[in-house]
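> What follows is the residue order along each chain.
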Amino acid sequence: MLLVNSFLFCGLLCLISQIILDNTKLTPGHITSILVVIGAFLDSFSLYDIIIKKVGGGALLPITSFGHSLIHGALAKTSSYGLLGILMGMFDLTASGITSAIIFAAIFSLIFNPKD
Amino acid sequence: MKKLKYEQIAAKYRPIENKRKNMLKAFISGGLIGMFGELIIEILCIKTHISRSEAQTYMIIFFIFISSLFTSLGFFDKLVTKYKCGLLIPITGFAHSMTSAALDYKREGLIYGLGSNIFKLSGSVIVYGVLSAWFFGMIRYFIGG
Chain G
1 MLLVNSFLFC
11 GLLCLISQII
21 LDNTKLTPGH
31 ITSILVVIGA
41 FLDSFSLYDI
51 IIKKVGGGAL
61 LPITSFGHSL
71 IHGALAKTSS
81 YGLLGILMGM
91 FDLTASGITS
101 AIIFAAIFSL
111 IFNPKD
Chain C
1 MKKLKYEQIA
11 AKYRPIENKR
21 KNMLKAFISG
31 GLIGMFGELI
41 IEILCIKTHI
51 SRSEAQTYMI
61 IFFIFISSLF
71 TSLGFFDKLV
81 TKYKCGLLIP
91 ITGFAHSMTS
101 AALDYKREGL
111 IYGLGSNIFK
121 LSGSVIVYGV
131 LSAWFFGMIR
141 YFIGG
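Keeping their order, the protein sequence lines are chains G and C.
Residue numbering for the first sequence follows the working numbering, starting at 1 and increasing by one per position.
Residue numbering for the second sequence follows the working numbering, starting at 1 and increasing by one per position.
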C-alpha cells in the first residue's frame, strides 16, 4: 500500500509542477523554491509528518521534504535549547543530503569533463 | 511595430509542446522514482535489519549519488529535457543542478569557478528553505510551544 501511495504522491506533485511550468513563466528554480517553502509551511503544523506516515518514501524524495526536515530539526532542538535551538538544529536532518551532494558533485566534476 | 512583427515570427517558429504528454510523462516518471525510493527503504529494512530512519538516509544518498554520476556522464541532461518535472522535483533535481554547475564552471578554476559556483542553481532552494523554516519555526515556537 505504501508503494502505491508513494507512486501517487510523488507523481501528483511532479504533475502539478509540470502544469505550472507549462502554463506560466516560472522556471524550475522558482517552482522548487516555492515547493520548499510549502514543505516548511506544512510541517509547522506537523501535517507533513502525517503525510510521511501514510506515504512513506514517496514523500521523502520530492524537494518539499527538504523544507520539512529543515524545520523539523530546528523544532526538535527547541525542546532543550529554547529559541537558540532553531538556529542550532536547522541543518540537523538535511546535513547528510547536502554534504553528500557537495561531495559527489565536486568529486565527479573533477573526474569527468562536461560533454556537449 | 517591430516588436509586434518579431513576436508574430517568433510564435510561428516556437516548438509546439504537447502539454498533456508532458503531464503524463512527469506523472509517471515522478511516480516511479517515488515508488523506487519506497522499495529501496523496504528492501534495506528487511535485508539488513537497520532502522527505518537510517534506511531513509541511505535511500536519499543513493539517489543523489545516481543523479550526480549520470549528470557527469552526460546523459542525465537528455533525460531531464525529456521528462522535465518528473526528475527536477525529486532530490535528483537538486543533485543534478549542483553537479551540472560544478561541471560547467570547472574551467574557470577550482576556487572562483567550481568552489564559488557550485551552489549557483541550487542555492535558492537552500536560502528560501532556511528563511521559511526559520520564520515558521519562530511562529510555531511562540504559538505552539
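Since the hints were made in silico from the structure, they are not lab data.
Mixed in with the good hints there might be a few duds.
[What the hints assert, rightly or not] Calculated pairs, DMTMM-like style, for lysine to aspartate or glutamate (alpha carbon to alpha carbon, straight line, at most 20 Å):
id: 1; chain 1: G; residue 1: Lys54; chain 2: C; residue 2: Glu42
id: 2; chain 1: C; residue 1: Lys21; chain 2: G; residue 2: Asp22
id: 3; chain 1: C; residue 1: Lys25; chain 2: C; residue 2: Glu54
id: 4; chain 1: G; residue 1: Lys77; chain 2: G; residue 2: Asp49
id: 5; chain 1: G; residue 1: Lys115; chain 2: C; residue 2: Glu42
> Now look at each hint and say whether the structure bears it out.
Now the hints, each set against the structure:
| no. | hint | verdict |
| --- | --- | --- |
| 1 | G:Lys54 with C:Glu42 | holds, 14 Å |
| 2 | C:Lys21 with G:Asp22 | holds, 11 Å |
| 3 | C:Lys25 with C:Glu54 | violated, 31 Å |
| 4 | G:Lys77 with G:Asp49 | holds, 17 Å |
| 5 | G:Lys115 with C:Glu42 | violated, 36 Å |
In this structure, the hints that do not hold are numbers 3, 5, in rising order.
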